[in-house]
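Protein chains: 2
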Amino acid sequence: MRLFPTLQNYSRSWLKDDLGAGLIVAILIVPQAIAYAFLAGLPAETGLYAAILPLLFYALIGTSPTLAVGPVAIVSLMTLEALAPLASDQLTLAAYATTLALLVAAFLLLFYVIGLGRWTTFISHSVISAFTSAAAIVIVLNQIKHLSGLSIGRDGPFYQPLLSLIQQSHQIVLPALILGLIILLFLLIWPRITRGSLAKTGPLFAVAGGILVVTVGQINIDTVGDIPSGLPQFQLPQLLLHHWQQLEWQQLLPSAAIIALIGYLESLSVASAMALQTRSRIEPNRELLALGLANAAAALTQAYPVAGGFGRSMVNLAAGARTQLAAVVTAVVVALVCLFFSDWFTQLPNTVLGAIIIAAVLPLIKWRDGLHAWRYQKSDGLIWLITFSAVLISNAETGIFIGISLSLLLYLKRTSEPHIAEVGRYQDSDHFRNIQRHEVTTSPEILLIRVDENLYFANSQFLQDYINQRISQSPQVRHVILIGSAINHIDFDGYETLQRMLTQLRQKQILLHLAEFKGPVMDQLQASDLLSKLAPGQVFFTASDALRQLGGK
Amino acid sequence: MRLFPTLQNYSRSWLKDDLGAGLIVAILIVPQAIAYAFLAGLPAETGLYAAILPLLFYALIGTSPTLAVGPVAIVSLMTLEALAPLASDQLTLAAYATTLALLVAAFLLLFYVIGLGRWTTFISHSVISAFTSAAAIVIVLNQIKHLSGLSIGRDGPFYQPLLSLIQQSHQIVLPALILGLIILLFLLIWPRITRGSLAKTGPLFAVAGGILVVTVGQINIDTVGDIPSGLPQFQLPQLLLHHWQQLEWQQLLPSAAIIALIGYLESLSVASAMALQTRSRIEPNRELLALGLANAAAALTQAYPVAGGFGRSMVNLAAGARTQLAAVVTAVVVALVCLFFSDWFTQLPNTVLGAIIIAAVLPLIKWRDGLHAWRYQKSDGLIWLITFSAVLISNAETGIFIGISLSLLLYLKRTSEPHIAEVGRYQDSDHFRNIQRHEVTTSPEILLIRVDENLYFANSQFLQDYINQRISQSPQVRHVILIGSAINHIDFDGYETLQRMLTQLRQKQILLHLAEFKGPVMDQLQASDLLSKLAPGQVFFTASDALRQLGGK
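In the order they appear, the protein sequences are chains X and D. The opening position of the first sequence corresponds to residue 1 in full-length UniProt numbering, with each subsequent residue numbered one higher. The opening position of the second sequence corresponds to residue 1 in full-length UniProt numbering, with each subsequent residue numbered one higher.
Just so you know, the hints here were simulated from the structure itself, not pulled from any lab data. Heads up, the beta-carbon is just placed ideally off N, CA and C, and yes, glycines get one too. Check before you lean on any hint, since a few could be wrong.
[Said to hold, decoys possible] What follows is a list of derived Cβ distance ranges for each label pair:
| # | chain 1 | residue 1 | chain 2 | residue 2 | range |
| --- | --- | --- | --- | --- | --- |
| 1 | D | Val113 | X | Asp523 | 51 to 57 Å |
| 2 | X | Ser394 | D | Ile114 | 17 to 23 Å |
| 3 | X | Arg506 | D | Leu19 | 32 to 38 Å |
| 4 | D | Asp155 | X | Pro520 | 46 to 52 Å |
| 5 | D | Arg195 | X | Lys378 | 55 to 61 Å |
| 6 | D | Ser474 | X | Phe205 | 49 to 55 Å |
| 7 | X | Asn468 | D | Gly217 | 52 to 58 Å |
| 8 | D | Leu19 | X | Thr441 | 54 to 60 Å |
| 9 | X | Tyr466 | D | Gly519 | 16 to 22 Å |
| 10 | D | Glu417 | X | Ser280 | 35 to 41 Å |
| 11 | D | Glu417 | X | Gln464 | 23 to 29 Å |
[Said to hold, decoys possible] Computed list of lysine-lysine pairs in DSS-like fashion (alpha-carbon distance at most 27 Å, straight line):
| # | chain 1 | residue 1 | chain 2 | residue 2 |
| --- | --- | --- | --- | --- |
| 12 | X | Lys518 | D | Lys413 |
| 13 | X | Lys413 | D | Lys518 |
| 14 | D | Lys518 | X | Lys518 |
| 15 | D | Lys378 | X | Lys533 |
| 16 | D | Lys533 | X | Lys518 |
| 17 | X | Lys366 | D | Lys533 |
| 18 | X | Lys413 | X | Lys518 |
| 19 | X | Lys533 | X | Lys518 |
| 20 | X | Lys378 | D | Lys413 |
| 21 | D | Lys413 | X | Lys413 |
[What the hints assert, rightly or not] Chain D residues, not near chain X, derived (Cβ > 12 Å throughout):
| # | residue |
| --- | --- |
| 22 | Phe4 |
| 23 | Leu7 |
| 24 | Ser11 |
| 25 | Ala87 |
| 26 | Ala106 |
| 27 | Ile137 |
| 28 | Phe158 |
| 29 | Leu165 |
| 30 | Ile178 |
| 31 | Ile193 |
| 32 | Gly209 |
| 33 | Ser342 |
| 34 | Pro363 |
| 35 | Ser474 |
| 36 | Gln476 |
| 37 | Ile487 |
Input sequences plus hints: build the corresponding full structure.
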């Protein structure tokens, strides 16, 4: 396996681009890293640490040249939801966060080993879109706390922050609210009135402005406070190492699995979208390994779970990044910030961080996806709506679980009542068409049945019921020809059902024949004893052959 | 809705048959009811009560003339597993059991309302067979306690009873063990050396023999003990009524849902098997209502969850039952036993009950199903093995959940990499066949692609990747014709993928056309804006038309 795959055949002319892009992403990532750490309920430095070593490890293996790995909004929210029941003080939370990152890494590596990356995703676009939209809303609502200076607990329904805003309006810290709203407005307008790299520097100005206002104006609002200077230590999660027996790490397993899955899907969709533009090639399974290593690096450097971020990667691409060298530059800059400039952020107001987070996640709310899905097909729209509501009402994990289960069940429900057509010869051709849609010739003794779906456990009984019912209507039938042109696979239940049908039909002096079955399906039936039991029923190459030999028209 | 549907058009000549069958089932059910109540960790009378009113309520609505509802082995085991964490003394357990029955009834009625009975089952035969086999083994192992007189806790792995048997062999109550083994041997041999109704009377003789040995022989082994005489009271579950706030009934919800599902599936499969023989007709959804009412009746009469039993129904059918009147007779006889003869069972040894249970569930262990599934297809065999192991290692609920999820995922995995064929004209016909399997004519400018699967979220990306790759190999291609003859449905993800493909192909000056799409799919695409975006790409009735008009061969 080649290390640093995106740096192969490096051209010297790219160096300038990578340096520039890396620097711009670093300028964006420093305030975001602190903000997302706060969102996850963790100390500021964990966010910064998550933007150093994990980037290097992703660069080592990852196949996307421009994916910017690090702390991201939705994974931060899921981290908060996973850890909140286990601890309340920041230090214990941070200790649990490294454990969580280690478990996320373990799941990603497990997915890598079982080759999950080669499976196409089982999560529909509607589910992901609804999940992301609802999670973004929860994140925005969580920021009301920082913007207003109110202390709002995490209990209560998702709209609790809005409620508190009204109920406790006399306690609102007005300077924080006004500063936050101004910064938010600035962040929303800035990209529209500027161009190129400058458009991405909004958060930098917001941070500088916020610090300036607080220090010069001597305004007393909540700020980030001390961030320990220096680099994280490279060590195993201490809590896990020394107290793993008391540690309730098993409780983190379901969360870790879902964070791993969501983090992977988010990263992969960003990477794929960029690959389309840059004509590069992503290897999904290798991405699992790369993200797994990035999370392991997070676990070993007092950080928390990471993934590839959408906004940040887009900035990276737009700023001209060519390879993962840009990410290495970003990591070095963030490390320098940790070493020498961490005290600059002591006076950074929380309300500014809140504004930065809101501006970053607002584009993730996509009502229109739900609307488009609904217009195309009610059931897809419903899945969007239910997933969206479930994330809001319960939490991110339960919500996505409900969404995935629902979309799978609906698909299976659809295939469980397959389209079954009784067909006849179309004019004098070799074509056989549905007798209900076309003028076709049929023979009273011969029933031609085409099933437009694989035969498997969820629908084989349906076929049997259909044929039984059809035969009870036509007592003259002596031959049933099953046309398998649309059957790609028959599982054990399907095979058993065919056997049962065979026996039942024979009791009524009716023969079952197969026609137009595909090669691989025939191979499988040949290996079983079905074909020998079929005799004197026959296997025909085409329905036309079958009809001719059985004396039909 | 007609009440007592199976008693419509009752012929007087059937009366003798129903009376006889009802009596024989009653003889079988009394010892079984006590035994299954013990298996569920409940007092003996709860089993008897479960064989009175629930039978009448099923008869009121149920569509199977011969299904014998009442306490059954696997539901008893699941009841034990659901209640064991909540209480330890028999009285509290019994109170929880009625609550569980009420929840099971609620789920069955919910399933009825959403029309689950019209969905074909999502549980494959392999999963059910493996689940039943493993549950039967767990039940057999649980009886070692009764047979040996040892006190074996419910903690520890499934093979704990065997281990205890060896470790505590000096404490084995030898009279119990010997009596139990003799009775077991008798129960296994009796049906083979007798015929007709007599063959079903084994348990009756076993009970009589057991009581005789204990009373006459003055042997000191554990017996059933006092059973309160009289009928159950018709009342709401008292515990639920007065203490529902303290009651942890929410914890019972998952168990209740799974018991409802399993109970329904077991009943339905027994009823369907009998319907095939008697040419009667089962209405699956109505069965949900009937079983829901039966369980509600169980909840209101101090019983526990019920279902249709396999062995008992077979006895009912073999004894000549014509309608549910037989079940009414059974219920009346059991009620008479409760009223006048309950003290007869005081001296019934537990070891005899253990032997009766073992003899009843041994036929449920079906290794061969797993073996046959494996021979047909490794993946089906694996599902059997994993479900089987999961039930043994964890518990019935988790096991069936794992089995269901696994079989669904494997099916989706299969459809997520659909068979995609590049096709060409077969000889001079209108048939188009796979270019890899047949000698066909193709045109370098036209790519004909047939997808043999519905286009949905799990596989639409796969199609796009396939076409992208195929086009990069053939730069002359100007037209891609997608043949939809095997596509029955396109979901929103599929539709979005088609749109994306359209745009990407157009950028490369390639047109996308559709051919042989089915009516319902075209209707859906017509309602969306895809067809208008397709232009100047076209929609063709057949691939042959498409090829001719696009100037290919």
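Results for each hint:
1. D/Val113 to X/Asp523: 51 to 57 Å: violated, 44 Å
2. X/Ser394 to D/Ile114: 17 to 23 Å: The hint (17 to 23 Å, Cβ to Cβ) holds, given that X/Ser394 and D/Ile114 are roughly 21 Å apart.
3. X/Arg506 to D/Leu19: 32 to 38 Å: holds, 37 Å
4. D/Asp155 to X/Pro520: 46 to 52 Å: holds, 49 Å
5. D/Arg195 to X/Lys378: 55 to 61 Å: Given about 59 Å between the Cβ atoms, the range holds.
6. D/Ser474 to X/Phe205: 49 to 55 Å: With a Cβ separation near 51 Å, D/Ser474 and X/Phe205 satisfy 49 to 55 Å, so the hint holds.
7. X/Asn468 to D/Gly217: 52 to 58 Å: About 57 Å separates the Cβ atoms of X/Asn468 and D/Gly217, which means 52 to 58 Å holds.
8. D/Leu19 to X/Thr441: 54 to 60 Å: holds, 56 Å
9. X/Tyr466 to D/Gly519: 16 to 22 Å: holds, 19 Å
10. D/Glu417 to X/Ser280: 35 to 41 Å: violated, 23 Å
11. D/Glu417 to X/Gln464: 23 to 29 Å: holds, 28 Å
12. X/Lys518 to D/Lys413: Distance ~20 Å between X/Lys518 and D/Lys413 Cα, so the pair holds.
13. X/Lys413 to D/Lys518: holds, 20 Å
14. D/Lys518 to X/Lys518: Holds, because 20 Å separates the two Cα atoms, which is no more than 27 Å.
15. D/Lys378 to X/Lys533: holds, 22 Å
16. D/Lys533 to X/Lys518: Not OK: D/Lys533 and X/Lys518 at ~34 Å, beyond 27 Å, violated.
17. X/Lys366 to D/Lys533: Since the Cα atoms of X/Lys366 and D/Lys533 sit roughly 23 Å apart, the hinted pair holds (cutoff 27 Å).
18. X/Lys413 to X/Lys518: holds, 25 Å
19. X/Lys533 to X/Lys518: holds, 19 Å
20. X/Lys378 to D/Lys413: holds, 25 Å
21. D/Lys413 to X/Lys413: holds, 16 Å
22. Phe4: holds, 25 Å
23. Leu7: About 24 Å separates D/Leu7 from the closest Cβ of chain X, which puts it past 12 Å; holds.
24. Ser11: holds, 23 Å
25. Ala87: holds, 25 Å
26. Ala106: holds, 20 Å
27. Ile137: holds, 22 Å
28. Phe158: holds, 21 Å
29. Leu165: The claim holds: D/Leu165 sits with its nearest Cβ about 32 Å from chain X, beyond 12 Å.
30. Ile178: holds, 43 Å
31. Ile193: It holds; D/Ile193 is separated from chain X by about 30 Å at its closest Cβ, greater than 12 Å.
32. Gly209: holds, 41 Å
33. Ser342: For D/Ser342, whose nearest Cβ neighbour in chain X is about 43 Å away, the distance exceeds 12 Å, so it holds.
34. Pro363: The claim holds: D/Pro363 sits with its nearest Cβ about 19 Å from chain X, beyond 12 Å.
35. Ser474: Holds, since 18 Å exceeds 12 Å.
36. Gln476: Consistent with the label, D/Gln476 stays out of reach of chain X, its closest Cβ about 20 Å off (over 12 Å).
37. Ile487: Since the minimum Cβ distance to chain X is about 9 Å, D/Ile487 lies within 12 Å and the statement is violated.
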